[in-house]
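J.: Here is what each chain is made of, one letter per residue.
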Amino acid sequence: MSEKANFKYKDFLIENVLKLKSDKSEEEVVAKLNLLQRKKINKPVITVSINSSSIILGAQKLKTYIEEYLVDRNIDAEIIPVGSLGLSSLEPVISVQLPGKTRLFYKKVLPENVISILDGSFNNFIQEENILGQLKNDIQDTWEQVPFLDELAYFQNQQRLILKNCGFINPESIEEYIASGGYKSFYKVISKNTPEEVCDIIENSMLRGRGGEGYLTGKKWKIAYETPGDQKYLICNAGESDPGAFMERLLIESDPHKVVEGIAISAYAIGAQKAYIYIESEYKLAIERVKNAITQAREFGLLGHDILESGYNLEIIIKKGAGAYVCGEETALISSLEGKRGRPHSKPPYPATKGLYNQPTVVNNVETLVNVPIIIEKGIEWYKSVGTKDSKGTKVFSISGKVEYNGLVEIEMGTKLRDVIFRVAGGMKNGKRFKAVHIGGPSGGSLTERHLDTLIDYESIMLTGVSLGSSGMVVLDEDNCIIDMVKYFMNFMQKESCGICIPCREGTRRMYEILDNISKRPKDENGHTTLQRFKGVMQLESLAEVLKDTSMCGLGKKASNPVLSTLKWFREEYEEHIFERNCEAGVCQELRTFEIDVDACTGCTLCAKKCPTGAIFGTAKNAHFIVQDKCIGCGICFDTCKFSAIISK
Amino acid sequence: MPNLEEILEKYPFVQRDNLIPVLQDIQDEFGYLSEEAIVKVGKYLNLPTVKIYGLATFYHHFRFIAKGKYHIKICNGTSCHVNSNILIINELEKKLGIKDEEITKDGLFSLEETTCMAACGEGPVMAVNDKYFTHLTIEKVAEIIDSYKSMEE
Amino acid sequence: MLIDIEVNNKKIQAKKGETILETLNRNGIKVPTLCRMEGFTPTGACRMCVVEAEGKSGLIPSCSYQIEEPIKIRTHSPRVIQARKMLVELLLSNHPDDCLYCASNGNCQLQDLAVELNIRERRISGEKTKSNLDQSSPGIVKDPAKCILCGRCVRVCEEVLDVSTFDFYKRGNKTAIVTSMNKDLNFSNCINCGQCLLVCPTGALYEKTNLDIVQQMLSNTDVTVIVQYSPSISVSIADELGLRSGKDINGVLNAVLRRIGFNKVFDTSFAADVAIFEQSAELADRIKNDENLPMMSSCCPGWIKHMEQSHPDMIDNVSTTKSPQQILGTLIKSYFAQREDISPEKIFSISIMPCTAKKFEAQREEMTHKGISDIDVVLTTRELLKLVKLYGVDAQSLDEEMPDIPFNTRSSAGKMVSVTGGVAEGVARTLNYHLTGEELSDIKITKLRGFKDRKEVSVKIGKQEIGIAVVSGIKSANKLIAEIREGKSDIHFIEIMACPGGCINGGGQAFNNDEKTLKTRSKTIYDLDDKEAINVAHKNSNLISLYDEFLGEQLSEKCIKLLHTKYSKRDVLL
Ligand SMILES: Cc1cc2nc3c(=O)[nH]c(=O)nc-3n(C[C@H](O)[C@H](O)[C@H](O)COP(=O)(O)O)c2cc1C
Ligand code: SF4
Ligand code: FES
Ligand code: FES
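Chains as they are written, first to last, in this note's numbering: chain U, 1 to 649; chain X, 1001 to 1153; chain G, 2001 to 2574.
Please note: incorrect hints may appear among the correct ones.
As the list claims (entries may be wrong) - Here are some chain G residues pointing at chain U (derived, C-beta under 8 Å):
| hint | residue |
| --- | --- |
| 1 | G2055 |
| 2 | L2059 |
| 3 | P2078 |
| 4 | I2081 |
| 5 | M2086 |
| 6 | G2126 |
| 7 | K2130 |
| 8 | N2132 |
| 9 | F2168 |
| 10 | A2510 |
For the record, the hints were derived by calculation from the structure and aren't laboratory data. In this text, a Cβ means the ideal position worked out from N, Cα and C, and glycines have one as well.
Required output: the full structure, derived from the provided sequences and hints.
T.: So this is what it looks like as structure tokens:
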């Protein structure tokens, strides 16, 4: 660990910041903190967001460019990696801070424009297309004509507790984390509170699990705490297996120490001396950063044996998932940790009484755990003032699809769906019409325009038949087909079911086939296939019920949610597909029909040659026609025709 | 390249719960799990090979054939799906003549569908080895594949 | 502790911690099950046993739900029935519709459930899975198209046999049951014991049938068709033939087989006596020379294959004596052929065994001389029953008959080889004779009887204490062998049978192998031992003439050539 030498402030941070030892003057402490928090800096600081989103958009290369730039211009500045502000669509984001001035954030910085951006910043000239905003700060001079970050609609409508540090601090530095208030909560509980007290605090704060079930976290902890066992385990569930979510990934990449602190407090509360982080092996950067965080925390004596002389011991072990949605389910996750096929088990017994190696085990979602230090820090009453009656705190989503800003958003529980989509996320992309928002990934459901005023909290969302399953939120516009979307999820589920129980394994498969059937034209249309098709559709609902009723685990129980919710809210679209064989959005390719405009057709024969099923007839120089029975709707003719003579319906 | 034994030696007190990490390490090193590797791990952990094979096939990330020289990961996350990535996947399958989890006969290309890569706004997204491509269109993807193909000629 | 629970509006009492299903069954309420197996921890996988419980949002599986507090249950509410029905419909939705031609027709739990739940049409139809019928193995056929993935075979093979040939493969819609690296069965570590097909609820696993060839041969007047049947057959099929169960129907069986058209009918028990005689001679030698001890029995072909692949270091410890089936096979094509002056090529030799591994054994290379197999075809008990039906034989109307000369005598020891401990007991008796020339004072060694998977006893033979161990189920064999490798040395002879309980619970037996049936079968056999006069192999009169006329001394050169075999290490994926 070559990092060792870098911990210039280790003793200061432990003694004066965490333990509040009073051997230093207040000014000295403030001065040091200002430096670490970068309120006062001696030389320019440039941060580059290095996270999964920005890397895809070339952030690594950008960082090298900037390094070269600084050498070229002979500028003495610090370059620091940060996580993600949440604005993935605007990556790569960099910030430039000159001594005495506020920190400037630039968006969409590319190797092509980085030089002019930097040149500008160093010479008091701001590149307008790329400026995002400046970070408000009372002891620094502000830039003129640059908006403050918190005045941007994106930030204004959010309440950032979980994401507070994200994109601002260096996720690879424990010193910055502690300087910005980190590990205080952990030190507080291990030095002042008994585990029961911590369980009580969390129970009273009414924190509910963010992983899907919404179970009271404190209550679950108490069960595990009170169940006798040789060992107890805490597992941080960072499986995030929803195919369209990236919240936990970016959160861990941006503020790994917060996750470690959350785990540490929770493990203490249930009396666990061993904790696991279960994280997808594909999340390479997140793994690297959290691994680094654990190493640093150990270095600081915040993990390991007798933590800060409290007598408490804790090890955190990273376990990499190997790619299975179902392993997000807690009992399956435990099987996987035990080195077995990740199949769920019937509950009861619940993991809290009989979990990993048959010992009391608490499985908590990453976001749940990150809430814990915040509650400890701010107190029960404060925390309870955020959110609604039964849903306290905030909720983070990864929002994507057809909205302007794709990325992370954190909103207070009880925020309107409309505000999230149209304010925070900047509304629909390309001025298209909003059609639906899908919440909760493959176990979630879709809501329509008329739900836009629904409040986002456990109860209100539940009332619409959708659950706050995962943190994925995907927005669809008029170009998307609901059937196609549901089919996509059902296809996902039929592949991801663990395959153990009949309803889930066979049911998802059959439901997929039924959906697939209605999004296609029957190969050979006869009375029998039509009957099959209708029979299938009629079975959809009862199949969905049986799945819900009999499946062993949440995967099967919730697999029919997308179907049920869309059958409820988008019935017309189903009917259109079934009865009219029409997909308004034009997504279900095989439902499209084509005709030839006799007047426009020149008889060039090109389409007839390209048609894969030989459905187009005609002789050269004469208008052609399409035999509908043979047409499979592939649209090749449509793409081939040079005279726009093919009409799509 | 370290041999299998060296990887196994990193796990001196192995138990079943180390099975997945051991296999992950082997795959990281060799790119896939060979029959030989499975047999050796079985001996080492004193487990029937069928249990290892059963476990490994359960998880999506374990592969039993090598990766191509150019390993293509195409995002099949929800957002990319609503951005019509199916057209891109079809095009890839057509151009390469392989499907998900397969490899071309000449060993040049292999294809893998993944879940969200966290660049949803820029979808459809794909990666060829470590190089990313965003905002894909049918034409673009065809060009990309052609350029890799011509590099080999 | 008792808990009051309410089932279908009636109060009943449950024991704390027992499963709902157990309570229901004690109270005469039946709930269908599919994945459950008696004596195994429930997996709760199939969901067929679901019941409705008040206050629970979903239905709960009665087989795995333990009663810890009062609960109100409905076992046959419309919601429950509807769910169960849908589950079966789902299984049927892509099931190959070839019940009429299926090996398990009439003996299929899926069929039974469809009847029970009154399923009369296919409401949901699914895409059929492409199936690769695996016919590579001589004993077992695997038809994945019919597999409903209940996982029973996986569990038996792992938990009882400790062979672990199968496991689940992939997940979701690709889930399947496969062997290691998805190899064909014949190239896997399958020992062909057939325990899996006893538990398979459908026709996804069944024996490779040889009925066609047998029928062909029966109508071929050119060849002499000879049949032998295993000692366990006559105590296992009375029920199926419409006779009083729990009786040895040896005599009737001879008559039945002759009616079917076999030219000669022999009882393998005779050869079992020969096997005991040779094996104990071998053991006596090894004890005298103190070499290759403990000696392990060789009559079970499942165990032999397992040994060759998993314990090749034990090859020298295994008795070289062939199994009774193979001994009789050899004798038929040598001694008998000579006597009757028939050319061995003109003999078609069939054996009826409770065992699918015997099919494998018969085609081993070592079991062929100059291109002529000792045994041409092996049928299982189940195939025999089919044959009886096919040829319209009514067993009830037949009188008892004797087997054919020259193999028509046996000792009760020869009969006992079909139950766990029987071989060891027989060997002990004859070993005493070989070593001391006298008979054991108390021939009944009760410590070797019963269904425990491992039994050990020390018998005083002459001045020596001879340690004898009996294990059934490969799992206990593996354990014992591990102990031996670690230095356990007080054992001289080990009897090993792959199937728990021995051949009476063989993988080729008729399908009613519950514990009660097994106990009856074993009792019938031990009753014979009590009743009959000849209890030791070496007193079997035809055996004595066989040695006098043909083989010479035990372990003579001729014996070695005809009655002994060798083993070699097998390379399969373990
Ligand atoms: C199919 C399925 C997938 C799940 N995936 C996740 C996941 O990716 N992350 C997660 O935290 N919880 C997931 N859960 C929920 C967990 O089972 C468990 O309820 C949760 O981790 C508990 O944490 P919490 O109390 O903090 O919410 C999943 C559940 C099911 C049924
Ligand atoms: S519901 Fe699906 S994932 Fe859950 S146990 Fe059943 S088959 Fe497995
Ligand atoms: S869905 Fe493809 S990057 Fe998110
Ligand atoms: S018998 Fe209860 S779940 Fe299968």
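J.: Does each hint fit the structure? Answer for all of them.
T.: Each hint tested on the structure:
1. At about 13 Å, the closest approach between the beta carbon of G2055(G) and any beta carbon in chain U exceeds 8 Å, and the interface hint on this residue is violated.
2. For L2059(G), the suggested interface contact is upheld, since its CB lies about 5 Å from the closest CB of chain U, less than 8 Å.
3. The interface hint given for P2078(G) is violated, since its Cβ lies 12 Å from the closest Cβ of chain U, which is over the 8 Å cut-off.
4. Using the Cβ-Cβ criterion of 8 Å, the hint placing I2081(G) at the interface with chain U is not satisfied: the shortest such distance is roughly 11 Å.
5. The interface hint given for M2086(G) holds, since its Cβ lies 4 Å from the closest Cβ of chain U, which is under the 8 Å cut-off.
6. Annotation: interface hint on G2126(G) holds; nearest CB of chain U at approximately 5 Å, less than 8 Å.
7. For K2130(G), the interface hint is violated, the least distance from its beta-carbon to any beta-carbon of chain U being 14 Å, above 8 Å.
8. For N2132(G), the interface hint is violated, since its Cβ never comes within 8 Å of a Cβ in chain U; the closest pair sits about 18 Å apart.
9. Evaluation of the F2168(G) hint against chain U yields a held restraint, the C-beta minimum of about 6 Å falling below 8 Å.
10. Using the Cβ-Cβ criterion of 8 Å, the hint placing A2510(G) at the interface with chain U is not satisfied: the shortest such distance is roughly 28 Å.
Checked against the numbered hints listed earlier, the structure breaks hints 1, 3, 4, 7, 8 and 10; every other hint is satisfied.
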